[in-house]
Each structure stands twice: as C-alpha cells, then as structure tokens.
Amino acid sequence: MKGNDAIGEGAVRAGCRYFFGYPITPQSELTHYLAKRLPEVGGLFLQAESEVASINMVYGASAAGARVMTSSSGPGISLMQEGLSYLAGAELPCVVVNMMRGGPGLGNIAPSQADYFQATKGGGHGDYRLIVLAPNSVQELFDMMLKAFDLADKYRNPVMVMADGIMGQMMEPVIIRDEYEVQIPPKPWAATGMAYHEGKNLINSCYVIPDEMEIHNLELQKKYNEIRPREQVCEDFMLEGAEVVLVAFGTASRICMKVVEKARDKGIPVGLIRPITLWPFPEKYIGEAAGGDKIFLTVEMNMGQMIEDVKLAVNGKAPVYHYGRLGGILPDARDVLTEVERLYRGGGAR
Amino acid sequence: MKKMFSRPKSLKDIPFHYCPGCTHGIAHRLVAEVIDELDIRGTTIGVGSVGCSFSTISYFDIDMLQGSHGRGPAVATGLKRVLPDRVVFTYQGDGDLAAIGTGEFIHAATRGENITCIYINNAVYGMTGGQMAPTTLLGQKTKTTPFGRDKDVSGFPIKVCEILTPLEGAAYVARVALHNPKSIIKAKKSIKKAFEIQIKGLGFSLVELLSTCPTNWGMSPLEAVKWLEEKMIPYYPLGEYKTCGGGDL
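As given, the protein sequences belong to chains U and X, one line each in that order. Last residue of the first sequence? That's 348 in this note's numbering, and every number before it is there in order. Last residue of the second sequence? That's 352 in this note's numbering, and every number before it is there in order.
No lab work stands behind these hints, which were simulated from the structure alone. Treat the hints loosely; a few may be bogus.
Said to hold, decoys possible - For lysine-lysine, the following BS3-like pairs were computed, each having C-alpha atoms within a straight-line distance of at most 25 Å:
| # | chain 1 | residue 1 | chain 2 | residue 2 |
| --- | --- | --- | --- | --- |
| 1 | X | K105 | U | K198 |
| 2 | X | K115 | U | K198 |
| 3 | X | K289 | U | K198 |
Said to hold, decoys possible - Facing chain U, according to a computed beta carbon distance under 7 Å, are these residues of chain X, among others:
| # | residue |
| --- | --- |
| 4 | L141 |
| 5 | L168 |
| 6 | Q169 |
Here a beta-carbon is modelled for each residue, glycine too, at the ideal position from N, C-alpha and C.
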C-alpha cells in the first residue's frame, strides 16, 4: 500500500466517517483515497474552500460527536492553527495528518521535519497541547490512525499524525488486522440537540471572566499532566552498550538504523532511540538512557528542533549534538556515519 | 387570567450585556420565539460568533457552539453534515460574516448547505470599540474612518444579500430591519421562513437584520433608529431577494 492510502484505510477502520480537507501536495493521494472510500462505508468526504474552513468543519463535526479528520501539509497546517487552538480549548477530539514539506513560506513539496516545533510546542495561541504521533513505516501509518482516534476520544483532544512526503508516497506491505474492534466511547457532552441529552450542551473555549478562564486552563493542564507520563512511547534499536545514542523520528529514524548497523560493523558502539510520540515526548526513557559517558546525536530533517526536547530529557547528563539536512534533502547515512565517527573520537561541537 | 407575553423558552433568564438601544436583544428574542413556535428547541443547535454577539452561546437555551471569527458557516457545515435532521443556525455580525468570514458564507451558500445564517448588519464593529465595518456607509465616521469612510481609501460597503442572490445554492435571502414594530414583525416572519426552508431541506438561507449601535454611532437610541431608517435602508434596500418554496411574507 502507498502511505497516503494506508492512512485513509486506517482512518476508515478506526471508524472515522467524516473528512473535510483542501488539496495540497504531498498529501493529495490521501484525499483521493478517502473521496472514493468514505462513501462506500456511508461516510462523507467534503472538499472545503480552504484549510481554514476545513478545520472549522472538523470542529463542527467533532462537536456533533463524530469521528472526524483532516489532513494537509506545511502552509495548510499553518492556516489550521487557530482552529486547532479552538479544538484544544473546547476539548474536541479529532485527528489531523501533517505530511510535512519544506518551508518556511511556500517552501517546496519535498520531505521535511521542520514542523516539529509547530506541532509539539503549540502552533496556535494559548496554553494547549496536541498529542503528536510520528510513524516511520506504512504499517505504522495504518496502525497509528487507529491509535490516534482512540487517543483523541480518550482525552477529548486533537491528535496530530506527523509524517513527511516520503512516508506518504512510499509503498510497503501492510497487514490489516481484521480483529480490530472499533470502540467509540459515548459522548454525552456532544451538541446534538437538547432532545438527545439532559440539559444544554455548550461547546466553548471562551471564558470572559479571568477566574473562570484560569480554572479552565488548570483543568486542561491537569489533563496534559495525565497524558504526559502515561502516553510516552518510543523504541530503541541496538541500544545495548551504545556510547553514541542517535535520536531520530520518522524517515530520519530509518536512515539512522542503517547508520547504527554500519557503525557497529566498524566497531563503534552506536544505538538509536526513536520517539514514536513527539508529544508527550519520551523524556523518561531518554533521561534514563543518558548516563555514563554517552554522547547524544539527534538526526533531523530540520535545523535542530527535537534536540531541545532531547536536551531537556538528558538534563545535562550528556552532551547532545544535532545533524540535519534541509530543503527536502534526506540525511545520507554515510554523512551521518562520518559525523558519528567524528563525535566518537572526541570531535565535539562544530 | 391569560398570560399574553413572556420570555421565550429558548432564551435563558439572564440579563443581556448589550448597550441601551442596541437591537441585538430584539434579534435574539425573535430567533428564540421562532424556535419555540416551530417547536424545534430540542433539535436546534446554534453556532455563536466573535464580536458583540459572542454571548449568544450563553443566552440561547439550546445546544450551542462557540465558533471562531467568521467561520460560523464552516462550523455549521460540519455539524449539519453529521446531524442532517437537526436545525442548525449561525448568529453573526457584519465584521464576522462580511469581513473575515466572507469565504465561509459564500461557499456554504454555493454548496447549498442546509443551514440558516442570522446576520446582524449595524454598519460598525461594536465589540472592539467602533471601528469601520465592511458595511460602514460612505461618509460614516468610525474610529478608523475619523473623517468619514472614503471610497478611495476603504472602498464601498458590502451588500451581502445582493452577493448571495445569484448563487444557485442559496434558497432564501432576505433583508429586514429592526427599527420599528412593523419591521420587527416582518423580521420575525423572515427568520421563521428561513428556518422552515431549512427544515424542508431546500438549501442555504440567510436573513440580514439591519440593526442599531447607538454607542458606537455616537447617538441616542432614538437618533439611531432614525439614522437606520434614513441612511441605512436607502443603501441596503429591504425585502426578500430570493425565496424557494413557502409563501410570500
């Protein structure tokens, strides 16, 4: 399956029946897939007039209690930031896929990881968090859509699935688990009309009185503080005995697996930690891995964004360096290996 | 004894925050009375907006959503597509609908989205303190047009009903005013018709209500009513611009 198709099929299997979106490369195949697939299962695909409208349609559909999603890339995701802030503020579940492309500005349509800050640190206004998932294979794109909708409903929070152009275009075998049972929790809070529940339901992020606004914010923070320790997910690769620890997500993590193998062949003890959730960031695991005389190297398709979270997790226990390529260029495993060797031999910061 | 007049069930018993002479309160009441009379309180969901009307979400005693600035028709689209058997309306001012939200109402109308927009046109931004609205009349003084709106600087006031009329998806488009009892009775009939057209599934409906803002116009309530009649109505002619189904007013 092609990555973009796997996302679409994963969403359908997760019980998502509504998609509102606007075309943008490199995620357009996902919209093509869902435009055909959703009507087959009694769902709705609606092409909106803009990403601004798309995310607000998502807001309306989510408020009505539906499993709903949208997808976009770079500039389109930027346009959705106000809506994401409203969704987070009103505690509405939804899934947003970002097939990251090169930026800033119009940038290009080549793969990038430069939207890490935007996704994990806010993007929109106010104190809020998105749950951010970072798959690195087509199988994971499929599986993560199932997980994303469950997390969104569980915490009544928007979830972002972050991949890049390569992941969307890549073809890999996907095992579709038939036994997966969709369990959409009841949504007694949904605005479905007063005839359908007790009293008045209000979907809102506006609290004019500062005391009430603070209480709402504290409640949101309480939720984020529950999510933070509970939902951190990462995996490691040949971490045993590693003295150089690579940290990479998505496409960059696949390149790093190759780097680790090549380095081990050369006798350099290298391992990899791959964050699968970018928020909450797997700070506990990375923090515990940092000890002894280890060196950390983040490999990102940006100028150094995740490195800030790695540094916070490592908390001064080890030096943390960054290697990145920009503009849609993939890090070359040989170049990363050269950097690993340099650091291993005491090269330090450039 | 027969009770002749009372608060509509669809309005909460809390005081409005609106200034003296503002017609938002009348507009709220008309919408609430229509919801009561059509007996759709349990199946109607409203979408609030940003501006003076942000509190509609608290005032209406029905399920409500707070929409972001100008995006009400998009929010209502998502809601209505999931719950096609419910009655969904937006309540938006002229800054919300006719400036920042221009894309959303036009495209909701072109899609023939089965929703109703209640659109308050008072020719000024109220909440932010009296700045020029897209509907501010030529020569009208506001905080951001201190010498009067100049067409060479700010262009011309936007006529929403006239824009919507040729769109095939728009089923009902009407402009009414809230400056005297006769007009208010007509306005209510228009709102009712818009809701009925939605219930029949005929397409997009919008009722523009010419309204007063004495505070930001710098007038007494009585002067404001007179100004609406003498200045606004000639530029924004009243009437049903388009109606598909249902009788005449």
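Evaluated hints:
1. K105(X) - K198(U): Status violated; Cα separation ~29 Å.
2. K115(X) - K198(U): holds (11 Å)
3. K289(X) - K198(U): violated (30 Å)
4. L141: Because about 13 Å separates L141(X) from the closest Cβ in chain U, which is outside the 7 Å limit, the hint is violated.
5. L168: holds (4 Å)
6. Q169: holds (4 Å)
Hint compliance for this structure: hints 1, 3 and 4 are not met, and every other hint is.
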